[in-house]
Amino acid sequence: MTASASASQEKFRNPAPKFSKSKRMMELRQSGSLQPGVVILLVLFFCIYAGYRSGDFWSALNWQLLAQPLAEAGLVSLGMMFVIATGGIDLSVGSIVGVAAVTAGIAAHHRLPVPAIEASALTAGALCGALNGLLIGVLRLSAILVTLGSMILFSGVALALSEGSSFAGFPDGLLWWNDATLLGIPVEFLLFLATAAAAAVLLRYSLWGHYAIAIGSNRVAASYSGYPVALTLFGVYTLQGLLCGMTGILLVARLASARADMGQGLMLMAIAAVVLGGAPIEGGSASVIATVAGVAAFYIVQDGLLLLDVPPFVQHALTSVLLLVAVAAGVLLRGSRENQR
Amino acid sequence: MPLNSSASARLRLNFHHHETKLAALLLVLGMALAATAPRFFSTVNLALLARSMGVLLIVSAGMLNVVLAGGIDVSAGAILAVVSVVLVRLGNHGLPASIVLPVGLLTGAGLGAVNAALIAELRIPPIVATLGTAGLFRGLLLEWTQGEWESSIPSWLNAIGSPRWGGLDVSVLAAVLVMLAAAWILDRTQMGRALFRFGDSPLAAARTGISVRQPVYFAYISLGLLTAIGAVFYAAQLGAVQGNAANGYELTVIAAVVLGGADILGGRGSLLGTFLGVLLLCSLQQALVLLHVATFWQNIATGAIVLIGVILSSTPRLGRKLILRQSPSP
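Quick note, the sequences are listed as chains A and B, same order.
Each residue of the first sequence is one higher than the one before, starting from 1 at the first, in our numbering.
Each residue of the second sequence is one higher than the one before, starting from 1 at the first, in our numbering.
Be a bit skeptical, because a hint or two may be false.
As the list claims (entries may be wrong) - Cβ-to-Cβ under 8 Å is the rule here; a few derived chain B residues that face chain A:
(1) Lys21
(2) Ala23
(3) Leu122
(4) Ile124
(5) Val128
(6) Gly132
(7) Leu136
(8) Leu142
(9) Leu168
(10) Ala255
(11) Val258
(12) Thr302
(13) Gly303
(14) Val310
(15) Leu312
(16) Ser314
For the record, the hints were derived by calculation from the structure and aren't laboratory data.
Even glycine gets a Cβ: it sits at the ideal position worked out from N, Cα and C.
Isolated chain A, as found in the complex (with noise of 0.2 Å):
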């Protein structure tokens, strides 16, 4: 079920490993879906030593905590997912979500009901989104330097709409996405669930789905055979900004207050999470399912570690060394690059 949507295109850009032991090894192989399992594995055992050594652990109260955070990264981490299937990557996200947080902060002051300031979040995210989409698809720039441009951009854009304050006092229906639950599930977690299984239909189902993927195996083959490149990319980049905006409602309903640098340290959060899932950093494969398996172990890692008394610088060291095992394991397992070209 795990096995990445690309598959088919990745057998044409594979030829087989030479020393495969099974037909089933072989496909893993190439999917590179055996990456996530690996992570899940030492995740799951990571668990079971942090339940061993600490009682909290596995109480409600901590995964209740632990998910929150984990929801707004993952949002993030979707939008990532796509946007690194079509071979790009997106530096700014964490400056949109500042944008959006600050948007809604204005919003709330103004006194706007709680679906207009929703509203106007969702939008700023997109709008910035739309904007690298426009250069990156459209005018065919590199996604790393316009990202890297726009993330000053946006950090400023969000800096000077904020005046460099925060904002605080918002209504209760906006706090609702922190405070409410469903059957001890919070709803900031459902609703990634949720956007987790739409993302997941939009990848494997949707014309547009294919199409990212197949922009990220070979942009040139993708144009020659008459896919529409600058408008897939387009939407993949204002889709990656529209999730942003969620997770700047969700941030703000969390904290209670907006501030221009709420979104710092997503942005790398992110791009690790979809790469410890598995996910080609050169684009043209995407699974949602070690995506968010990628972005949980970062935070069951980081949570095991805090309550395991670790200092929590070590903490994130320790959640680096993580990506870098997972990465070296995945490559090793994928065979030598010699072998894909």
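Following the hints, complete the assembly by docking chain B onto the known chain A.
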């Protein structure tokens, strides 16, 4: 596609050259400044501008090597922080400069070698590898310092950072030397030429007998070393360091290199362009300070100028180039 001009300063008045466009952009900025803030061209301010460019120029020269080799390094800010804390901490323990400086430079080169090993040996894509090491270096550094400030620096370090020669300090001299050395290496040595060829196409370079590892090691270690040199002046000019120092600095460096017209896919770029990119970024920032513009507008202006640079650098390709190379890494 013809190869772009190499590291040598061959400036022809050809508008297809990115450097010419950058120079034109600088000229426009200069004229606008002459009209609105003539104080910008006072000797005092120009000396300040030169001082603010030193560190960025040194680190950017290293980043250019990495970008030429088709890589990217987002751990440069973390390396800068690690080295500056090492320098200041060891210095405050009373060790002499003759021991502390080599240790600092070796630390930088060593951390660069870690990046290179992950990329060349384990074949992790550069952006992922350096993303990981950035978190690793920064986390370990913060654990070491426990987030505390080193608020005093040894006197010899202070002397390095203090202005002399009419407002200029050692960092300007060092930047000039680094640029000259880098120009010589890129243009006149086998390693420099191999860097261009390797970045253009690792496979073709390997077929012509260029090692697939050497250029990677050279690029990342040289960046680590130059970042360490930059860290000396960074700590000296600031007079205090902490574990979170230079957070996001790598993005400014990459922005400068990219503004200078280096192709992020590798193989194309010039030292002259990088210099102009740094000059543009720094003079813009200096000008906004002189014009009493609020800090957040500086970000907007910087972001806009980077985007303009990206658009400028790809205008000749806009019509033709559709090919996006799959993986610039080895």
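Hint check, Thr302 of chain B versus chain A [nearest Cβ-Cβ separation less than 8 Å]:
With a minimum Cβ separation of about 5 Å from chain A (threshold 8 Å), the hint on Thr302 of chain B holds.
Supplied contact hint for Leu122 of chain B, tested at 8 Å Cβ to chain A
With a minimum Cβ separation of about 5 Å from chain A (threshold 8 Å), the hint on Leu122 of chain B holds.
Would the stated hint for Leu312 of chain B survive a check requiring a Cβ distance to chain A of less than 8 Å?
11 Å, violated
Agreement of hint Leu168 of chain B with chain A interface, Cβ distance less than 8 Å
Hint violated; Leu168 of chain B Cβ to chain A Cβ min 28 Å, cut 8 Å.
Gly303 of chain B was flagged as interface toward chain A. Is the shortest Cβ-Cβ separation under 8 Å?
3 Å, holds
Given Val258 of chain B as an interface hint, is its Cβ closer than 8 Å to any Cβ of chain A?
At about 5 Å, which falls below the 8 Å cut-off, the nearest Cβ of chain A leaves the hint on Val258 of chain B intact, so it holds.
Was the hint right that Leu142 of chain B lines chain A, CB cutoff 8 Å?
4 Å, holds
Hint check, Ile124 of chain B versus chain A [nearest Cβ-Cβ separation less than 8 Å]:
5 Å, holds
Less than 8 Å between beta-carbons is the criterion; does Ala23 of chain B satisfy it with respect to chain A?
20 Å, violated
Double-check Val128 of chain B for me: the hint is only fine if its C-beta lies closer than 8 Å to a C-beta in chain A.
5 Å, holds
Holds or violated: is there a CB of chain A closer than 8 Å to the CB of Ser314 of chain B?
6 Å, holds
For the hint on Gly132 of chain B, just tell me whether its beta-carbon gets within less than 8 Å of chain A.
The hint holds - Gly132 of chain B has a Cβ within 8 Å of chain A, the shortest such distance being about 4 Å.
Hint violations for this structure: numbers 1, 2, 9 and 15, all remaining hints satisfied.
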